[in-house]
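Here is what each chain is made of, one letter per residue.
Number of protein chains: 2
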Amino acid sequence: MGLISIHGDHPLKDGRQSERALAVRRGMQRLLADMRHVSLPELSLPTGRRADLVTISDKGEIWIIEIKSSIEDFRADHKWSDYRPHCDRLFFATLRDVPAEIFPEECGLFLSDSYGAEMIRDAPEHRLPPATRKSMTLNFSRIAATRLMHAEWASVTLGLENPNQD
Amino acid sequence: MGLISIHGDHPLKDGRQSERALAVRRGMQRLLADMRHVSLPELSLPTGRRADLVTISDKGEIWIIEIKSSIEDFRADHKWSDYRPHCDRLFFATLRDVPAEIFPEECGLFLSDSYGAEMIRDAPEHRLPPATRKSMTLNFSRIAATRLMHAEWASVTLGLENPNQD
Chain A
147 MGLISIHGDH PLKDGRQSER ALAVRRGMQR LLADMRHVSL PELSLPTGRR ADLVTISDKG
207 EIWIIEIKSS IEDFRADHKW SDYRPHCDRL FFATLRDVPA EIFPEECGLF LSDSYGAEMI
267 RDAPEHRLPP ATRKSMTLNF SRIAATRLMH AEWASVTLGL ENPNQD
Chain B
147 MGLISIHGDH PLKDGRQSER ALAVRRGMQR LLADMRHVSL PELSLPTGRR ADLVTISDKG
207 EIWIIEIKSS IEDFRADHKW SDYRPHCDRL FFATLRDVPA EIFPEECGLF LSDSYGAEMI
267 RDAPEHRLPP ATRKSMTLNF SRIAATRLMH AEWASVTLGL ENPNQD
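These protein sequence lines are chains A and B, in that order.
Using the working numbering, you'd call the opening residue of the first sequence number 147 and step up by one each time.
Using the working numbering, you'd call the opening residue of the second sequence number 147 and step up by one each time.
Isolated chain A, as found in the complex (with noise of 0.2 Å):
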């Protein structure tokens, strides 16, 4: 699975996300990135959930795509329409193994590995009001530049290269 494989100890293998969870999310941002979509993992909404992978567009449409990396994590999910009223679209994402069959006909669907993503399915459009999509950006670009701002502290600390130069 590339190189989130090669780092046995790496922080984000906890039990929360999985190898396969983040395998999913990283062919999901590369295919994103070609869509012209930024995106931002684990992003509190004003429910308290959580969502796996917030996007962006260049014309400001937001995505919200939930990954699933089993048959029994997505039945574990019994509330993910609570997703749709912070989303201009709905998707899942899963990996080539888990049946496409069991995701909901209302949402799209991305089939994922590490390298890359494909769009098996569409989602339907369900316009954000003005006011909901104001403050989903808002809460999105504060919560991007807040970890940005930490990244960079870390990467000077390092001595790495720092992620806010060209």
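The hints are all genuine.
Chain copies aren't distinguished; within one or between two, either way the pair holds.
The list that follows gives simulated cross-link-like pairs (lysine to aspartate or glutamate, EDC-like), each with its CA atoms no further than 16 Å apart:
id: 1; residue 1: Lys225; residue 2: Glu252
id: 2; residue 1: Lys280; residue 2: Glu207
id: 3; residue 1: Lys205; residue 2: Glu271
id: 4; residue 1: Lys225; residue 2: Glu212
id: 5; residue 1: Lys280; residue 2: Asp204
To be clear, the hints were calculated from the coordinates, so they are not data collected in a lab.
Given chain A, put chain B in place with the hints provided.
Same frame as chain A, now just chain B:
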């Protein structure tokens, strides 16, 4: 000057950004965090100019803070007023050994070092038109998320703490 001076080969120490300017930025980021503003350095504006520090408050207010590390640095910038149409308030930030009186009264002013900063003069407010605020916030969010994704990929490659992990 704390963290930024211990790595002589840090890539930010090129001709474009002096150690003094980085100290100002670091101190400003600390103060801004206390003020509930998130900040993003080196953000390109639609005019092609690059703002030293763009901030967004928890209410969505946008500031631009131009960092001037010396008298010469300020005098070399004949176009600072070009930043004003892209923010609600425009500030300069400098070091204590730069005379505060060289900075224009119609902008706010911070004094900063790598440990922290203080506001010497607040800036007049000129509220952005909604469309400009929307496009600035969108651009901010997309650049922050893109840099964060690259920082995450670097952290995974290096087996470091992931900036997207709490």
